[in-house]
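There are 2 protein chains.
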Amino acid sequence: MTTTAPRKARTSSRKKKRCFYFGARKTDGKASQKILLGGKGANLADMTSIGLPVPPGFTITTETCADFSRTGKLPAGLMDEVKRNVTLLEKELGKKFGSSSDPLLFSVRSGAAVSMPGMMDTVLNLGLTDKAVRGLADATSNPRFAWDAYRRLINMFGNVVMGVSHEKFERAFDIIKKKYRVELDTDVPAEGLEKLCTAYKAVYRKAVGSVFPQDPMKQLQHSIEAVFSSWEKDTAISYRRINEIKGLAGTAVNVQSMVYGNMGEDSGTGVAFTRNPSTGKNEFYGEFLINAQGEDVVAGIRTPEPIAGMGKWNAKVWKQLQAVRSKLEKHYHEMQDIEFTIERGRLFMLQTRTGKRTGAAAVKIAVDMVKERLINRDVALARIPANDLTQMLLPSFDPAMKKKAKFLCKGLPASPGASSGCPAFSAEEAVERAAAGESVILVRKETSPEDVDGMHSAAGILTSTGGMTSHAAVVARGWGKCCVAGAGELHIDARKGVAVVNGKRLTRKDVISIDGATGEVMHGEVKRNVPKKISGDLATVLKWADARARMKVRTNADAPVDAKRARDFGAVGIGLCRTEHMFFQEDRIGAMRQMILAEDLPAREKALKKLLPFQRRDFEGIFKAMKGCPVTIRLLDPPLHEFLPHEAKAQREVARQLNLKPAQIARRVEQLHEMNPMLGHRGCRLAVTYPEILRMQVRAIVEAMISCKKKRIDARPEIMIPLIGTCEELQILRALTEETIQEVRKAKKYTAKLNIPIGTMIEIPRAAITADEVADVADFFSFGTNDLTQMAFGYSRDDAGVFLPEYVEQGILERDPFESIDQDGVGQLVDIAVRKGRTSRPGIKLGVCGEHGGDPLSIEFFNTVGGCGLDYVSCSPFRVPIARLVAAQASLAAKG
Amino acid sequence: MTTTAPRKARTSSRKKKRCFYFGARKTDGKASQKILLGGKGANLADMTSIGLPVPPGFTITTETCADFSRTGKLPAGLMDEVKRNVTLLEKELGKKFGSSSDPLLFSVRSGAAVSMPGMMDTVLNLGLTDKAVRGLADATSNPRFAWDAYRRLINMFGNVVMGVSHEKFERAFDIIKKKYRVELDTDVPAEGLEKLCTAYKAVYRKAVGSVFPQDPMKQLQHSIEAVFSSWEKDTAISYRRINEIKGLAGTAVNVQSMVYGNMGEDSGTGVAFTRNPSTGKNEFYGEFLINAQGEDVVAGIRTPEPIAGMGKWNAKVWKQLQAVRSKLEKHYHEMQDIEFTIERGRLFMLQTRTGKRTGAAAVKIAVDMVKERLINRDVALARIPANDLTQMLLPSFDPAMKKKAKFLCKGLPASPGASSGCPAFSAEEAVERAAAGESVILVRKETSPEDVDGMHSAAGILTSTGGMTSHAAVVARGWGKCCVAGAGELHIDARKGVAVVNGKRLTRKDVISIDGATGEVMHGEVKRNVPKKISGDLATVLKWADARARMKVRTNADAPVDAKRARDFGAVGIGLCRTEHMFFQEDRIGAMRQMILAEDLPAREKALKKLLPFQRRDFEGIFKAMKGCPVTIRLLDPPLHEFLPHEAKAQREVARQLNLKPAQIARRVEQLHEMNPMLGHRGCRLAVTYPEILRMQVRAIVEAMISCKKKRIDARPEIMIPLIGTCEELQILRALTEETIQEVRKAKKYTAKLNIPIGTMIEIPRAAITADEVADVADFFSFGTNDLTQMAFGYSRDDAGVFLPEYVEQGILERDPFESIDQDGVGQLVDIAVRKGRTSRPGIKLGVCGEHGGDPLSIEFFNTVGGCGLDYVSCSPFRVPIARLVAAQASLAAKG
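These protein sequence lines map, in sequence, to chains A and B.
Position 303 of the first sequence, counted from 1, bears residue number 303 in this note's numbering, the numbering being contiguous throughout.
Position 783 of the second sequence, counted from 1, bears residue number 783 in this note's numbering, the numbering being contiguous throughout.
Calculated directly from the structure, the hints in this document are not laboratory data.
Be aware that one or more of the hints could be misleading.
Coverage of chain A stretches by chain B, computed from C-beta distances (three or more under 8 angstroms per stretch; other residues unrestricted) [as the list claims (entries may be wrong)]: (1) 674-688; (2) 800-814; (3) 821-828.
If we take Cβ atoms under 7 angstroms as the criterion, some of the chain A residues that face chain B in the derived model are [said to hold, decoys possible]: (4) D102; (5) R171; (6) D174; (7) I176; (8) G247; (9) A559; (10) P560; (11) F614; (12) T726; (13) I764; (14) T770; (15) M791; (16) G794; (17) Y795; (18) S796.
No residue lacks a Cβ here, since even glycine has one placed at the ideal position from N, Cα and C.
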C-alpha cells in the first residue's frame, strides 16, 4: 500500500494531453484512438496521415468532455493548450485567428466514438468579429460572402451556444428581405447582409444581455463548452437510448480551419458513399451542391445534384474525388460515408466514416469485398448487422395489387420495405397513436433529431423534402425502417393535420402505403408479399455462416406450410411445434370442447378419440415437410378454459352445437376460471390430472411416425413435456409416454426400433434450479425463456405493458427482457440449468425455443452460456436467417 | 473392482438373523434396535432385559417384511428359524405348541419402528386346533374359556388372515345366542361355544374354500404373512401419509406366548400411562377390565375401570404394577404407555412405549422431569413436539357463553380443544363436507383405523362408546384435535343421519359444540376465547428455549391489538406489518378509491393527503405496542384494482359516494384489470409508477416515529420495499425514501438522527439470483417465501388447489410447498440469496416473513440455510411460541 500511493499520485499529476493536432506539420492522433478522439477526430487524423487533403485542425479529447460533464467547467490548462494549437495552425496556414486581414476561421464540431448524425451541435465561421469580417472581405474580394459568413456565425453562435431562438434571427432577416424587396436569402446584397449583421448583434445583445464577443478566443471557448454541453441534451440522450449506445465518456470537439463551398460557382460541397448504401452496388453514390455550405446538403433544404454529374462541372475535382474514394476503401477495407468541400476549385475532405447501409447493401458489400479480396469471409460475416437482414425478409407490396392501387406520387427510395398506415403529422402524435396500437406513417416536410422517438414508433416515414442522405433517410436505413424521402408533390399542413398531393387531400384517417424500395406513395392499404426463398448474396453469406456456426438453428412452426418456409430459410429442424393451435381449427374445436366438458373419463376418452385422427394428420404433414430433421413436439400447454367461449352468446352457440345446456357450459367455464392462468392448471399439470390427453397426443405422434416410416419418410419426432417443475412430474409422464409408445408399436405391429427422445422445456425457475435431477429423466432440455422470464421476474407479459416501458425509460431495465434475454438474472437461471443438466447427463441436447431464440444479443449469450453454450436455437421462420448469421458471428467472437 | 466383487458376494451370502428371542433363557434384541425390531419388539426385549415380567416370545425383523413386500413371499429359511425359536419357547415354558395337553399358544402382532395404533392386524390364541382346544380345557379346567379362545382364533384368523367378513361369524353367533336365548356373548355356555366353533369352522370352510388349518405351524406362517401384508394396506398407507411417516422398511412381527386376562375374576387386562397424557400430571393413569382380553380395552367395547381402583381388586398386583411404572420411567426417562394382563393373579407386561400426550402434557412432563432430575433442559426442549403447542394456544369456549349454551350430554375429555360444527356420520361424509368448506364434527359410535381420513378432516370428534384410550382418543390427542369420547347418552343412527341425545334429535344441519377439555357436548355454536398469556410450565419451557435459540422470533401483525398479543407470546419484533389492510377500513377506503380514480397527479396527491393522518395514527399505535422492538413495515403491495368493487351494484354505490359516474369507475376497473394479477402491477412497481404513494407512506412512518420519539416512546420502524426484482428498483426507491425521510425531518424540525433501515423482501426469483447486487442497496432481506414459492414453482396459490392435492397424493410433491418450504427448489433460491447477500454485505440482517416462518420443518431449514442460517423468523402471533421452541430445537440439533 505504501508504495502504491506515491505512484498513483505521480500518475495523476502527469498532465493529460487534451488536444491532438492534425495537419501538414504533424498529426498527433491515430485511427485507433476513436474512444479518445471520437470517430470524426480519429478519422480526420487518419485521413491526414494517408495524405488526403484535410483542412488542418485539432481535436479535443472525449475525456475532456467527461471532465466537463462532471465538473461543469473546462479543465484548468485546456485553453492554454488550445491556444498553443491555434498558434501552430496560424503558422501552418499563414493566417491569424481574429486578424483584420485574411483571418483564420474555424469550424467547431462534435464527434463521439460512435456516429450520431445531426445530434450534436456545430458552430461555423468562428473567429469572425467586426474587425475580422472586413479582413475576410478584403482577402476574398467578396464582401457579400464575408458578411454572409459573419451573419451565419452570429446566428449559429447565438442559437447553439447562447440558446437564442432561431426565429428571432429569422424575423430580423425577414425585415431586411422586405427592405430589399427580395424573397430569397441569396438575393440580399452585401450591404444588406452587413445591416443584417448589425441587426443580428442587436438581437443577440437583447436576448443574451451582453454584446456578441469580439474576442475570437472567447468565441472558441464558449463554442467548445457548448459542444460539450450538447452531449447531455435530451435529444442526444434519447438517440443514445434508442440506439443502445452505452459506455462512452463523451464527445470530442474538432476545431478545424474553415473551407468554404459557398465562395461562388467554382465552390461546392457534397456528401457521398463509396458504394450504394441502399443496394450495395459498387458505384460512387452521393450528392453535391454548387456554391453551398455543407450543412445545406444534409439538412435537405435544397435538393442537390447526383454526384455522377460532377465531372461535367469540374473534371479535375471529379477525378481527384474518385481517387480519394478508391484510396479510402483500400485503407479502411470498408464502405465510407464522406463529406467534402470544394473551395474555389480546391478539394477538401471534411469527414470520412463507415457508411450506414441497408441489410441488402451490407450483404452485397460484404460478398463483393470478399470477391475483391479486400476482406476475408470471417470479416464479412462479422460485419453484417444481423438484425438488418429483416429488411431483406420483410414484406414487399404484391406487384399485382400495387398496379391496382391508387398512385399518389413518387419520392426517393430512401429505405427499403413496404408499409401502410394513417398519416401522423408530428413525432409526438406518432408516438401516441402507435402506442395506442395504430399503424401510422410519419409524414413530415423533413425530420430532425427531435423526431427520433416518433420515427421509431411509426411503421414508415414519408418526407416531402430532403434527399437520400437527409436525416430521415439515414436514420431510417439504420433501423431498417421503410422510408420515402423528398416526395416534393406532397404539401403538408401539419397544424391542420392535412397533406395534399396532386389534388388528393389526406387526413389522419386516410390509409396510405409507401414503398421504400421504389419511392412510391399510394392511397389505401396494399396487399403485401413475403419473400420465400433465400438466394444470391444472402445465400452465399448464410452458407459461409453455417460453416462457422457452432449452434444449429431450428424453427418454431406448428403447420406444414410454416415448416416448409423455415426449411427454405435454412432451419435444420423444428425446435417448437405447439400442438394447441391444432385444436382451435374449425373442424376440431368441437371435439376439443366435448373433451373439456366431459363429465367423466369415458366421455373424455370418446371426445379424444375424435381428435386423434386430426392430430395424426397434422403430425404427418409436418414430418413430411421436415423429413430427416428433428421435430420437437410440445404436448398440450394452455389451460383448458382457453378453448371455451367466455361470452354468453358464444356459449349458447356452443351449447347448441354440442347439444348441451348453456348453463352447463357456463358452469364449466366458471369451474375452470383461474385467478392467474399463467400460474395455473396447464402444461404438464394437465397431463398429470388428465393422462388420457397425453396418451392421445403421444398415440397420434407415434401413429404418424409409423405411417411415415412405412412410406419411407424419415420422421424424427421428439416429445417435449412442458412446464416441468419437479423431476417427479417428468418421471411419471415419461413413463406414461414410453408405455403409450410401446402400446402403439404393439397395436401397429411395428417391430423396428422407434427412437423418440423425450425431454422437457425448462421454463419454471424451480426446474432450472433442480436441472440436475430433471436431466436424469430428460433426453433434452429446451429453454422456454418467455415463461422463464415471466416467472423469474414475476412479470405477466399480458400485464407488464403498464410499467415495463417506464422501467426501460427510467433505466431500471436495460431493455425489455421479453425482447432480449435478461442475462444477469434469467440468464443465470439458464446458466445454472445448463451446468447442472450437463453434469448429471453429459451430452444432453440443449436448445432454446423462446422468442429470444431469434434475438441477436440473446443468441450470442446462448452461444456461451454455462461454459460451452446451447446446441441450437429455435426461432420464428423469418428470424432463421438472422439466427444463422448471429450463430456464426457468436462462434467467431467466441474464438476471439 | 476385482477385489470388491467377491467381498460383496461373501456379505450377501452371510445369513441375516431374522428372529430375535426374548425370555428368561436369553434376549437377543436391544432397545436400540427399533428400526430392525420395531418399537414393540425392541421394548419387549428391553423390558425382558430389565427384569420385567414379559411373556417370552420372539420378534421377526422389519427387514424380513421388506423382503416380503418385495418378493411377495416369506424368505427361504425363515420358517426354519421360526421353528427353532418355537422349540426354545417350548423348553422355557414347558409347554408344546399345538399339544393336546396344555398347549403353548401365541399372539402374533405387528410392530413398526414408529407406533401406529390399531393400524396393523393381530391374531391371538394361535396354536389352538380341534385337538389342542381340548388340552387347553383340561389344563385350565375351564372348557368355556378354551372354546371361547378357539372361536376367537377362528374368527380372527378367518377375518384377518383369510379376509372372511366379520359379519358372517357374527351371524353364526347370533344363531347360537338365539338358540340359548341369551343376549350377551358371555352368557353362552361352554357347549354353546363348542357348537359355535363348529359353526365358525363351517363359515370358514365355505368362505375360504378349505378347512380351518389344524397344523399350528401353518397357522403361524399364515399369520406372519398376514401381518406383513397389512403393512401395505390402504389404511396403513393412509396413516403413514397423514402422519408423514417415511423411510421405514416395514413392520416387525412379534410372536409371543399368550397370557389371558379372561381366565376368570382373578384375571384382567389393562392399559395405562405412567403420567396423565392429557394434563401431564405425575399420576398413574389408565384403565383395566376384569376378566377380559386386552383388545377389549382399546376397542372401547366395554367401559373399563379407572386404574386407581385396582388396589381394591388386588393389592399385590397393584403394588407390583406401581413398581413397574417407577422402574420404567427411571429406565426410559420418559412417560410410558403400557399394556398389561393379569392371568390368574399374575402380572404380565405386554408392551411399553413412549406415551402420546397432549401439548400441555408434553410441556408439563418435560418441566416436571427436569425438576425430578430425570432429564436436562436440552432433552426437555428437544422432546416437546412444537406443533402440539397449538393445542395450548387453541381457542376454548367462553365460560359465560357456555353457561348459556344448551347442554346436551357429557362424555370423556379425550383430547382438549373446543370446536363447533354440524354432525357428519361417516368418515367419507366428513371428508367430503370438510372439503366443501363446512366445519363438521365426526359423530361415531366408535372410530376405527379406516376412519383416519375423516377424523383428520373433521373439526372435532365425538364418540358414544370407548374410553380415554380408545382409538378415537389416542389418534385425536396425537393430532391435537378436539375429541369427546364415550358420550353414552348419544344414540346414533348413522344410516338415517340422525343422533338422539336426551330426547333432542340432531341432524346434519344442527350445529353442535364439543369441549375436549371437559367432555361437554352442547347444542348450537358457542363463542370461543383465545388464550392471551403464556404462563406456568409453557413460560418456563419457552424461557429455556429463548436461551438456546440462535434465531429470533418476530411476528406478522398489522394492528396494535395483534402486535400486543404477539408480544405477549414472546415476539421480539414485527417482521411483517402489511399496510394495505389499513386502507380497507371503512373510514379510509373512500380516500383510497379517490386516489386510484384520480385522473392526474394533483388529484392523486389530494386523496393521499387524506390517507396520511390515518396511516400515521396506525403506525403510532403499532410503534407504541412494540416500543423498543423493530417493526418492519411493508409498503403498499397489492394491485390497485383490489381496492375497487367489481360488481356493478357496488360500483354504483361507490360512484354515489365519490360523486362520480358509475361508468368512470367501471372504466377504471376495466383499465386496471389484469390477466395475472400475481405477476402484475403491484409491489414496488406501484411505487415506481406512482412515487407519490410511497412518499405518503414514508411520510406517515417518519411522522409517527418522530411523534413517538417526542413522547419518549422508542419507535423502531424498518421500511420494507416489496417485490424487488432488480437492484435498480431498490436503488431508485431507496433514494426516494431517504429523500422523503429528510424532508419530513426538516419539516418537523427534528434534529436528532433517525435510524430507519431500508430493506426489501426477497420474493421474486430474480431477486434471489441477483441478491449480491440487491444487497448493495438493502439493509435487510426478508424472504417472502409465499410468493417465492408461487413464482419458483409457477403455482398460483389461488388456482393450484385443482392439482396440488393430486400432486401430493401421487408423490410428485412430498408435501404442500405452501405449508412447508420446498427445500430442494425454493430452498435453493433462499440459500443462493443468503450466500450472495452476505458476501456482498456481511452482516446484512436476514429474516423470513412468509407463512413458512411458523412451520417447524421450515424453521429448522431456515436455521442453517446458506451456511449459517437466517437471523429471525416471523410468523402469525399464535405460531410465535411454536417458532420459539423450534428455533431452540433447531439450535440444539445444529450443535449435534
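Here's how the hints hold up against the structure:
no.	hint	in the structure
1	674-688	holds (count 10)
2	800-814	holds (count 9)
3	821-828	holds (count 5)
4	D102	57 angstroms, violated
5	R171	37 angstroms, violated
6	D174	41 angstroms, violated
7	I176	47 angstroms, violated
8	G247	17 angstroms, violated
9	A559	26 angstroms, violated
10	P560	31 angstroms, violated
11	F614	27 angstroms, violated
12	T726	6 angstroms, holds
13	I764	5 angstroms, holds
14	T770	5 angstroms, holds
15	M791	5 angstroms, holds
16	G794	5 angstroms, holds
17	Y795	6 angstroms, holds
18	S796	4 angstroms, holds
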